[in-house]
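K.L.:
Listed in order, the protein sequences are those of chains B and E.
Every letter in the first sequence is one number past the one before it in numbering that gives the first Met the number 0, and letter 172, counting from 1, is 171.
Every letter in the second sequence is one number past the one before it in numbering that gives the first Met the number 0, and letter 54, counting from 1, is 53.
Just so you know, the hints here were simulated from the structure itself, not pulled from any lab data.
A quick note: this is a predicted structure, and the numbers were derived from the prediction, not measured.
A portion of the hints provided could be inaccurate.
To be verified - DSBU-like cross-link-like pairs, simulated, lysine-lysine; straight-line CA separation at most 30 angstroms:
| hint | chain 1 | residue 1 | chain 2 | residue 2 |
| --- | --- | --- | --- | --- |
| 1 | B | Lys-370 | B | Lys-144 |
| 2 | E | Lys-89 | B | Lys-370 |
| 3 | B | Lys-255 | B | Lys-144 |
| 4 | B | Lys-402 | B | Lys-309 |
| 5 | B | Lys-309 | B | Lys-370 |
| 6 | B | Lys-340 | B | Lys-255 |
| 7 | B | Lys-309 | B | Lys-418 |
| 8 | E | Lys-89 | B | Lys-255 |
| 9 | E | Lys-89 | B | Lys-340 |
| 10 | B | Lys-370 | B | Lys-402 |
| 11 | B | Lys-418 | B | Lys-402 |
| 12 | B | Lys-309 | E | Lys-89 |
As the list claims (entries may be wrong) - Not everything, but these chain E residues come out facing chain B in the computed CB check (under 7 angstroms):
| hint | residue |
| --- | --- |
| 13 | Ile-4 |
| 14 | Leu-8 |
| 15 | Val-9 |
| 16 | Ser-34 |
| 17 | Asn-37 |
| 18 | Ser-40 |
| 19 | Thr-43 |
| 20 | Ala-52 |
| 21 | Leu-57 |
| 22 | Ala-61 |
| 23 | Ser-71 |
| 24 | Phe-78 |
Unchecked claim - Simulated restraints, written as ranges between beta carbons of each label pair:
| hint | chain 1 | residue 1 | chain 2 | residue 2 | range |
| --- | --- | --- | --- | --- | --- |
| 25 | E | Phe-5 | B | Ser-11 | 14 to 22 angstroms |
| 26 | E | Phe-5 | B | Ala-330 | 56 to 64 angstroms |
| 27 | B | Ala-445 | E | Leu-19 | 43 to 51 angstroms |
| 28 | B | Ala-180 | E | Glu-53 | 18 to 26 angstroms |
| 29 | B | Arg-430 | E | Leu-8 | 52 to 60 angstroms |
| 30 | B | Glu-336 | E | Leu-3 | 57 to 65 angstroms |
| 31 | E | Tyr-18 | B | Gly-178 | 37 to 45 angstroms |
| 32 | E | Glu-53 | B | Ala-330 | 22 to 30 angstroms |
| 33 | B | Phe-179 | E | Leu-8 | 33 to 41 angstroms |
| 34 | E | Leu-3 | B | Ile-53 | 43 to 51 angstroms |
Glycine residues also receive a C-beta, built at the ideal position from the N, C-alpha and C atoms.
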Amino acid sequence: MSSWITTLFDLSIIVLLLVGISQFRTPRGARLGNTTAATALLLAILLVLYRNHILDPALLALALLVGSSIGALIALRATMIQIPAMVAFQHGAGGVAACTISLVELTRGGASTNIVEEVSGFLGLVIGAATFSGSMVASGKLAAKLRQTPSMLPGHNWILLFLLAAITGFCVFGSTTAGFALWVTLGCALGASILLGLVFAMRIGGADMPVLISFLNATAGLAAAFCGIVIQNRLLIACGATVAASGSILTAAMCKAMNRSLIKVLASGKSVARAGTDATAVVAAAPAKRVERTYAEALVAAKEVLRQAKSVIIIPGYGMALARAQFQVAALATRLEQLGKSATFAIHPVAGRMPGHMHVLLAEADVEYEKLRDMEDVNSVFEQTDVVIVVGACDVVNPAAVKMPDTPISGMPILNAHKARHVLVCNLDGRPGYSGVPNPLYDEPATLLLFGDANVTVTDLLQNLESAPEMPAK
Amino acid sequence: MADLIFMLLVFAISFTIGYLIISRVPPLLHTPLMSMTNAISAVTILGAILLFAETTSLGAKAIGALALITASFNLVGGFVITDRMTRLFKARQGRGSDGQETQS
Chain B
0 MSSWITTLFD
10 LSIIVLLLVG
20 ISQFRTPRGA
30 RLGNTTAATA
40 LLLAILLVLY
50 RNHILDPALL
60 ALALLVGSSI
70 GALIALRATM
80 IQIPAMVAFQ
90 HGAGGVAACT
100 ISLVELTRGG
110 ASTNIVEEVS
120 GFLGLVIGAA
130 TFSGSMVASG
140 KLAAKLRQTP
150 SMLPGHNWIL
160 LFLLAAITGF
170 CVFGSTTAGF
180 ALWVTLGCAL
190 GASILLGLVF
200 AMRIGGADMP
210 VLISFLNATA
220 GLAAAFCGIV
230 IQNRLLIACG
240 ATVAASGSIL
250 TAAMCKAMNR
260 SLIKVLASGK
270 SVARAGTDAT
280 AVVAAAPAKR
290 VERTYAEALV
300 AAKEVLRQAK
310 SVIIIPGYGM
320 ALARAQFQVA
330 ALATRLEQLG
340 KSATFAIHPV
350 AGRMPGHMHV
360 LLAEADVEYE
370 KLRDMEDVNS
380 VFEQTDVVIV
390 VGACDVVNPA
400 AVKMPDTPIS
410 GMPILNAHKA
420 RHVLVCNLDG
430 RPGYSGVPNP
440 LYDEPATLLL
450 FGDANVTVTD
460 LLQNLESAPE
470 MPAK
Chain E
0 MADLIFMLLV
10 FAISFTIGYL
20 IISRVPPLLH
30 TPLMSMTNAI
40 SAVTILGAIL
50 LFAETTSLGA
60 KAIGALALIT
70 ASFNLVGGFV
80 ITDRMTRLFK
90 ARQGRGSDGQ
100 ETQS
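Just chain B, same shape as in the assembly (with noise of 0.2 angstroms):
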């Protein structure tokens, strides 16, 4: 096939690609984007069997057979609460294909002298490599299989710089070997890529899991453009560089949603640590003003308060999604709907464990997506509101977050529900969240806090929420 061809086809696969990731802007449309990215992908598949000549092609089969069926089951039978676990393992599945590619490249060498496919597998090999350590410990703490607070070592910085200059010199000696030397060398970088992936995961844990996820996506795509790189494979390097754009933009949208720097949150894993001594601090600071009341008390208090309102706004946060009370919230926003009242959702973009989790969750429930609204766009609504129903969520309401300065929350966007008239706080108790300040919103006056499992304390609430008002019970 004559050359032109040849680029025609990769062209015109790209194009497809970039229409598909381009249909997302409604639900509808990434629905029918995705399909147009997985037909893209398809044809580049045919068109690379069709090329070349493949030598082996019942082993060719049966890998292929193996990876999709694996991939197809698991993705069919996840659970919602489970995607970020397994995009995460699915991250570390793209860096092992682009390491072992550049393995076998690098390997093969003798011909090739190019300096820029050398140095470039080197890269899709240790960023591969690291990729795949990296998400194999951020899946396993998504998956609650690992303890998912960040574990520091001693010297963390340190090991990670010599981790790093280990594997440039393995580089650097690997490029003037062959033979059985170059795959001792090649093992040996391959193997401090993977401890480095380790090292680097371990210490981010908590609210910082969405950044670490979108990261690995950026870095998966850039070991598949190396990997492209190396092969001299159009296709790869653009999809690649898409991949790690993309990657990149989420990244940067989480680590602005909780104003951290993604060096901070990459290379501080302090914020634990600082945190607990500036809690103890404010509690010590802040005696408790709040009305003690029952739960019983707070439980008749607030279904007053919500027959009595007009609009509401339910904040959700992780804790709904553990406490998997998601379909009780849904049921509560319907019954207030059918009520006459409005009933949105606040949404904080690191509400979930990636970006944008919380939409999914809700939307699994069945809430429509017209009703879930993001916070620079609800952020100015809720002095007009009536009612803020906190479910599970506790630093991305924390007024902490804008009123206190040294606090490590400070500076980060929050959604405003101590401005609304009044607050329900459905959380599992009073501790502070993730970030270890503690919330100033449960001494509110206009906060009733009704702690326990979600599923049970929201269920109370739709209780007879359609009655006339009940006369205080005791």
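For this one, chain B is given, so just place chain E on it according to the hints.
P.N.:
Coordinates of chain E only, in the frame set by chain B:
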């Protein structure tokens, strides 16, 4: 040298166009976006197939098979999960839910 410039150009142009298109995706669709781009990064499957188009040692073949398995896992899994997710989103009037979800 011309090759290098050409490849860098491909990277830069794709990154830029991708950046422009993707920065207009609403937060509502960020999770499906990530799982789909994740599937696209499995384009390395082309590289894995190409490994089978050249005479290679047994070791290289084994590594190639590993690359094929992981890439196809990533590819199929990513597109399937994205499709499932995008079906979940329902618009107001509740017009025909066109995806029967079995999992809850």
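K.L.:
All the hints need checking, so say for each whether the structure fits it.
P.N.:
These are the hints, each one checked on the structure:
Distance hint between B/Lys-370 and B/Lys-144 is unfulfilled; the C-alpha atoms sit about 33 angstroms from each other, more than 30 angstroms. A C-alpha spacing of about 10 angstroms is found between E/Lys-89 and B/Lys-370, which places the hinted pair at or below 30 angstroms, so the restraint holds. For the given pair, B/Lys-255 sits about 28 angstroms from B/Lys-144 by alpha-carbon distance, which is consistent with the 30 angstroms threshold. Restraint check: the Cα-Cα separation between B/Lys-402 and B/Lys-309 comes to about 29 angstroms, which is no more than 30 angstroms; the hinted pair holds.
The hinted pair formed by B/Lys-309 and B/Lys-370 meets the criterion: a straight-line CA distance of about 16 angstroms does not exceed 30 angstroms. Taking the CA atoms of B/Lys-340 and B/Lys-255, the gap is near 33 angstroms; set against the 30 angstroms cutoff, the hint is violated. With a C-alpha separation of about 16 angstroms, the suggested pair B/Lys-309 and B/Lys-418 falls inside the 30 angstroms cut-off, and the hint holds. Between E/Lys-89 and B/Lys-255 the CA atoms are separated by roughly 29 angstroms; this keeps the pair inside 30 angstroms, and the hint holds.
Among the hinted pairs, E/Lys-89 with B/Lys-340 is consistent with the structure: their alpha-carbon atoms are about 21 angstroms apart, no more than 30 angstroms. A hinted pair counts as satisfied when its Cα atoms are at most 30 angstroms apart, and B/Lys-370 with B/Lys-402 qualifies at roughly 29 angstroms. Of the supplied pair hints, the one linking B/Lys-418 and B/Lys-402 holds, its CA atoms being roughly 13 angstroms apart against a limit of 30 angstroms. A threshold of 30 angstroms between alpha carbons decides the hint, and for B/Lys-309 with E/Lys-89 the separation of about 25 angstroms falls inside it, so the pair holds.
Interface hint status for E/Ile-4: violated, as the beta-carbon distance to the closest one in chain B is roughly 10 angstroms, over 7 angstroms. Hint status for E/Leu-8: violated, given a least beta-carbon distance of 10 angstroms to chain B, over 7 angstroms. Proximity of E/Val-9 to chain B holds as hinted, the smallest CB-CB distance being about 5 angstroms (cut-off 7 angstroms). Taking 7 angstroms as the C-beta contact cut-off toward chain B, the hint placing E/Ser-34 at the interface holds, the least distance being around 5 angstroms.
Of the supplied interface hints, the one on E/Asn-37 holds, with its beta-carbon coming within about 5 angstroms of a beta-carbon of chain B, less than 7 angstroms. At a threshold of 7 angstroms, the smallest CB-CB gap from E/Ser-40 to chain B is about 4 angstroms, leaving the interface hint in force. Contact between E/Thr-43 and chain B, as hinted, is supported at the beta carbon level, the nearest pair being about 4 angstroms apart and thus within 7 angstroms. For E/Ala-52, the interface hint holds, since its Cβ comes within 7 angstroms of a Cβ in chain B; the closest pair sits about 4 angstroms apart.
For E/Leu-57, the shortest C-beta to C-beta distance to chain B is roughly 11 angstroms, which exceeds 7 angstroms, and the interface hint is violated. For E/Ala-61, the interface hint is violated, the least distance from its beta-carbon to any beta-carbon of chain B being 9 angstroms, above 7 angstroms. With 7 angstroms as the threshold, the beta carbon of E/Ser-71 comes within range of chain B, its nearest partner Cβ sitting at about 3 angstroms, so the hint holds. Taking 7 angstroms as the C-beta cut-off, the interface hint given for E/Phe-78 holds, the closest approach to chain B being about 4 angstroms.
A beta carbon spacing of about 18 angstroms between E/Phe-5 and B/Ser-11 agrees with the range 14 to 22 angstroms that was offered as a hint. In this structure the supplied range 56 to 64 angstroms holds for E/Phe-5 paired with B/Ala-330, their Cβ-Cβ distance being about 57 angstroms. Evaluation of the 43 to 51 angstroms hint for B/Ala-445 and E/Leu-19 yields a pass: the beta carbon distance comes to about 44 angstroms. For the pair B/Ala-180 and E/Glu-53, the beta carbons lie near 23 angstroms from each other, so the given range of 18 to 26 angstroms is met.
Our hint of 52 to 60 angstroms for B/Arg-430 and E/Leu-8 holds, since their Cβ atoms are close to 54 angstroms apart. The hinted window of 57 to 65 angstroms between B/Glu-336 and E/Leu-3 holds, with their beta carbons roughly 60 angstroms apart. E/Tyr-18 and B/Gly-178 have their C-beta atoms about 42 angstroms apart, which keeps the hinted 37 to 45 angstroms range intact. A hinted range of 22 to 30 angstroms for the beta carbons of E/Glu-53 and B/Ala-330 is inconsistent with their spacing of about 59 angstroms.
Distance hint for B/Phe-179 and E/Leu-8: a CB-CB separation of about 38 angstroms, consistent with the stated range 33 to 41 angstroms. At about 29 angstroms, the beta-carbon gap between E/Leu-3 and B/Ile-53 misses the expected band of 43 to 51 angstroms.
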